[in-house]
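Asker: If you want the building blocks of each chain, they are given just below.
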Amino acid sequence: MLSVEKVDVFYGEFQAVREISFQVQGGELVTIIGANGAGKSTILKGLMGLESCERGKITFQEQDITHMPTYQRARLGITLVPEGRRLFQDFTVEQNLVAGGYTRTDASAVERDLQRTYDLFPILKERGHQVAKTLSGGEQQMLAIGRALMASPRLILMDEISLGLMPKYVNEVFNTIESLHREGVTILLVEQNARKALAVADRGYVLETGRILIENEARGLASDPRVKKAYLGG
Amino acid sequence: MIWQQFANGLAIGSVYALIALGLTMVYGVLRILHIAHAGVYALGAYVGLLVFRFIPNFWLALAITMVASSFAGIILQRYLYAPLLALPRIVPLIASIGLFIAMEEIFRLIAGPYILAFPADPGLGGIEWGIVRITNNQFLVFLVTVSLLATLWFVMSKTKLGLAMKATSQDLEIASVMGINTERIIATNFLIGSALAGAAGVLVGVYFNSVYPTMGSIPAYKALAIIVLGGLGSIPGTVLGGLLIGLGETLLLGLINIPFPRDALAFIIMIIILMFRPYGLLGKE
Chain A
1 MLSVEKVDVF YGEFQAVREI SFQVQGGELV TIIGANGAGK STILKGLMGL
51 ESCERGKITF QEQDITHMPT YQRARLGITL VPEGRRLFQD FTVEQNLVAG
101 GYTRTDASAV ERDLQRTYDL FPILKERGHQ VAKTLSGGEQ QMLAIGRALM
151 ASPRLILMDE ISLGLMPKYV NEVFNTIESL HREGVTILLV EQNARKALAV
201 ADRGYVLETG RILIENEARG LASDPRVKKA YLGG
Chain B
235 MIWQQFANGL AIGSVYALIA LGLTMVYGVL RILHIAHAGV YALGAYVGLL
285 VFRFIPNFWL ALAITMVASS FAGIILQRYL YAPLLALPRI VPLIASIGLF
335 IAMEEIFRLI AGPYILAFPA DPGLGGIEWG IVRITNNQFL VFLVTVSLLA
385 TLWFVMSKTK LGLAMKATSQ DLEIASVMGI NTERIIATNF LIGSALAGAA
435 GVLVGVYFNS VYPTMGSIPA YKALAIIVLG GLGSIPGTVL GGLLIGLGET
485 LLLGLINIPF PRDALAFIIM IIILMFRPYG LLGKE
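Going down the list, the protein sequences come from chains A and B. The numbering of the first sequence is my numbering, which starts it at 1 and goes up by one. The numbering of the second sequence is my numbering, which starts it at 235 and goes up by one.
In case anyone wonders, no lab produced these hints; they're calculated from the structure. Please note that a few of the clues may not be correct.
Subject to a maximum C-alpha distance of 16 Å in a straight line, what follows is the list of computed EDC-like cross-link-like pairs (lysine to aspartate or glutamate) [stated by the list, open to error]: (1) Lys196(A) / Glu139(A); (2) Lys394(B) / Glu94(A); (3) Lys518(B) / Asp90(A); (4) Lys133(A) / Asp90(A); (5) Lys392(B) / Glu94(A).
Note that this is a predicted model, so its numbers are computed, not measured.
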């Protein structure tokens, strides 16, 4: 579904990732783990078109998207749950969700997905008319995921979604990721919380200082001594 | 007497709001101060007058002006601001000030340094309620600004375009992640803001029956005071700020007969309000 070949992405002037190659198949849950500053977020921004990709090639569903503007990638079915949530702070919960479904033309399908999102996160329905910035951190994260789902995406990129959440919400968010995966949604998950990420993922990549070091099944990575030592606390 | 001044103040204030709206809309999406916006306002007055001299119909002149000034706005966005956006904010600001001065000189070279009359009669007639007399031209200003503001309100709060515009001004990157063509939304902000400024130019030209090259100078900095007062990027705040300054100027100077520089009042009001509300009346932290 998604194929990245020898891609360099710059973060401003600074080359954050070098000659990265990886694939995500339809329906897969793939994770990229690595330390802070290894370039994980930059990869997602490069895939979304928020940072420019100087070399290499990104293909999504047989289409070359390397230099495509962000909004067109969104219209092909890629979406991002950004680091730090980045909700539309002055919009209500419902307006945020409606904005998430911006590109869709079938009003009844959007309404159906709105109900589905509310079923998935009942708290959002309760808070429907509240302004986004008044929500708690966990609720905001659920709204950010809900907003991404409203686009009915083919591929969801998730950036550090457990960062800064209370443990109770971390579990809830990972349960949500698992259930989305079971429904067949394709997910690329970037996480500092390697233990949790590997527990839900099918496959994983380990990123260190802008390069991919190891690729394996998630289970294999979780028992790999190098991964254990560096990311799972021994 | 006070109600008469009130009507005068509202008329001036609503024109201020119309001019300042474009400034706040551009600031909202690009976070730059579009000083040359006041040049678009003066351009509007000249275009309106030119059309009016060929076909003496106020409404036609207004319509053509709004189309022409929205084109001017889009050209500025594409050829002046778009190439400069990656640079530090001070660069587009200086370019904008430079362009504004250049525009004033171009108006002077083409139309001459004189004050030109704009004797349009929109054919509305005045209204008299007891002691308040709303003149023909005041009625015109109210009618046009209220319909334009109502249209803007409708677009911003009831349409998908409005949703996209508000989303883009809150977070441009994330708006594009939602599939919004943010380049087009930025152009739309320039288009709407410039059409409103052009309309304001025609209204002021007719209201004071005068069009001249530097007519944008005072609105250029007064609009700045208004958007800071209202809260940078806030559309309702800008309308409120415009009305407040228009009313304040007219009421204070019309009632207290002191030799006070009228145009300084906008800044005095701005400073006083910012002392209590640093983010402006309806601004966000």
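Asker: Now look at each hint and say whether the structure bears it out.
Answerer: Hint check results:
For the proposed pair Lys196(A) and Glu139(A), the alpha carbon gap of about 20 Å is over 16 Å, so the pair is violated. This hinted pair checks out: Lys394(B) and Glu94(A) have alpha carbons roughly 14 Å apart, not beyond 16 Å. Distance restraint check for Lys518(B) and Asp90(A): the Cα-Cα separation of roughly 9 Å lies within the 16 Å cut-off, and the hinted pair is therefore satisfied. A distance of roughly 7 Å separates the Cα atoms of Lys133(A) and Asp90(A); the hinted pair therefore holds under the 16 Å criterion.
Proximity of Lys392(B) to Glu94(A) is assessed by CA-CA distance (about 14 Å); at most 16 Å being required, the pair is judged to hold.
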